Amino acid sequence: MSRFACVLVEHFDAAAVERCEPALRERPLAILNSGLDRPNVGREGAPTAQRDSAPAKVMTTIEANAAAREQGVRPGMTETEARTRCPMLLTRPWAEEYVASARHALLEAALAVSPRIEDGGAGLAYLDTVGLERLIGDPAAIGRRLVHQVRAIGLVPRVGLAASRTAARMAAATGSGAVTVISRGRERATLAKVPVAALDLAPDLVMTFSRWGVRTLGELASLPREGLAMRLGPPGLRAHDLALGLDRDPFRPWTPPPFWEEAQGLEWEIDSLGVLAGVLETVLERLCRRLAAVALVADALEIRLGLASGGHHARDVSLAYPMSEVKPMLTLAVLDLEAHPPPAAVIRVSISAHPIRTQAGQGGLWQPPAPAPRDLVTVLARLAALVGADNLGSPVLVDSHRADAFTMLAFSPPTEPASSDRRRRGVGQRPDDVPQHAAAQRKQRLALRRMRPARRMEVETVGERPARVEARLVIASAGPWRASGEWWDRQAWARDEWDVVLGDGAICRLARDRLTGHWYLDGFYD
Amino acid sequence: MDDTLAPIRGEITEIVGGLSSGRTSHLLACLGDVVGRGETAALVDTEETFDPGSAAQAGIDLRRLLWVRCGSNREVALRAADMLVRCPGFALVALDLGERVPRLPTTMAFRLKFAVRRTEVALLIVGRRRLTGSSAALAVETLREGIEWTGPGPAPTRLARVRTTTRVLRARRAEPGRPPSHWWSA
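Residue numbers (this note's numbering), protein chains in the order written: chain Y, 1 to 526; chain U, 527 to 712.
To be clear, the hints were calculated from the coordinates, so they are not data collected in a lab. Since the structure is predicted, the reported quantities are computational estimates derived from the model, not experimental observations.
Selected chain U positions facing chain Y (Cβ under 7 Å, derived; list incomplete): (1) 546; (2) 551; (3) 565; (4) 566; (5) 574; (6) 580; (7) 583; (8) 589; (9) 594; (10) 609; (11) 675; (12) 682; (13) 711.
The beta-carbon is built from N, C-alpha and C at its ideal position, and this holds for glycine as well.
Just chain Y, same shape as in the assembly (with noise of 0.2 Å):
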């Protein structure tokens, strides 16, 4: 049984840039140094020394893809060179955050079908596959399963399945479809064929075999291993075990980030936000595309806008409801930058989510209905706009016998049904089995409409009963109703209550403040 696989994305950094514009997937491309450092960010190729060694002024290919290549462009050809082999040819500068994201989004696709996995640079991640045949299947199904997950996140793999970490690299490299399977013990005569060159050797090594005609891992494999550690110490050694198909390093797990972000650069300035919900469109689908791949959702979005002014324009969107969807998630976000809009031009968009999994459930089989997240999430953000977030949501009594105490949270209605339903109704009974007198029986309640704020009253009395009310005739009064509270605090408050009939009928609610002698009105009962 294999132990290890690995997933390899060829011509990794055209193939990120690939992903984010999916049109350019069939044309030759070339990725440009854009007089840039590039960070050393994953596997070190025979470009990689021509690559340093080229003036920073002059345009150099640093990747190229498979179509490109196919016309005789290689790394390291200056932009002129080749054009000239391929006239066709397309090239984009190299941009980190599209490396980065797509490095990330590699990892996680892994991380959706084993929990071990180690990243072996850029384009590269090594699987521990121990156990998942009982969950997957036999080898290749295993590698089926990681050519899909990573295909849906946009990017072309091709998976070896090994003993050894080396021999399951060296197996997707050179293997002729998309998944290879070596079998145990069949290591060493598969790789003997590999040259020494796919080996990452420090390149005074590789030199040193190819002085002495060892081309392939076959011929260094063969060496004596004594003769090997006389002669080139430590890293000598290292080689002979990378061609037996041996690992010696730790198996390093890695641990995805508490945020996922993508980012996009622009080539142009983008000052309108028609413009920019475009562009957020398209990073927020490679995100949610990430996410569906392995089945999270996201509750808290980060966008970090790149300002032409050199600064940053961010904001956090807090989403109502965990959600993978685009749009809700566009339209939170094309809402609140509405209500905040950036200072100045973008060229830079960034949007980090934080990815939790939720629990899926199912509603009861008599649950009445609730409004579909995405709808709510949706009418609440298009209310939040229209009347402010404060003046939204479900009001919470607060513990206090203080007139009108309550807060407000955000809306989320719960999802277990009402416990007077649970109550009435046993198991199996259907709705309409409900007793009808039960609705009656709920109470009965006279409703006040509170005055906010209460508003202040000229109030004539009679002894301490209320007679004119801004010289409307009182009709009846019932009173005085006291309460006080908080008294050892500074905001201590004490008033006496009288409910009024006045002359053109309405019931009102009335306070007399104790602490000051004014008098307020509460509201109207109706």
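Given the coordinates of chain Y, work out where chain U should sit on it, guided by the hints.
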């Protein structure tokens, strides 16, 4: 809440009446019926007069109630109600217009009517006078009939309850029978 006066799903219902006639108590009763069944309701409160204490005493699970406060802006209230009735899943959307009911263009009334039909939401409009004209399937007027006081001594110290009745102004479907009186406890 009397079944004959309950808001109809997919239709517009209007409750009109003067101050202290019981229209807001009827509104709370409708909200309580909907929320008590485990459904979700929304209240567009034009003048921000909704009292959560009264609603809690009426047995309303406030977690299932979306309260939208419109700062006495009637245009905003109508737009908020228009948004909510287009969101499927709400069983009841109540629009409390308060004392000053605006003029509503006929086109807007029809727009609301077709929106609630499409989403099967019950739209309940409460105000001093009618708003949507012939677009409402049911319109009732609330009237106060009596008041009772309570208190330990000869002079009452508190309002005990208020009795109201309703009069059907418009019923597109079958004419309901004479609605009973309601006692609303303070």
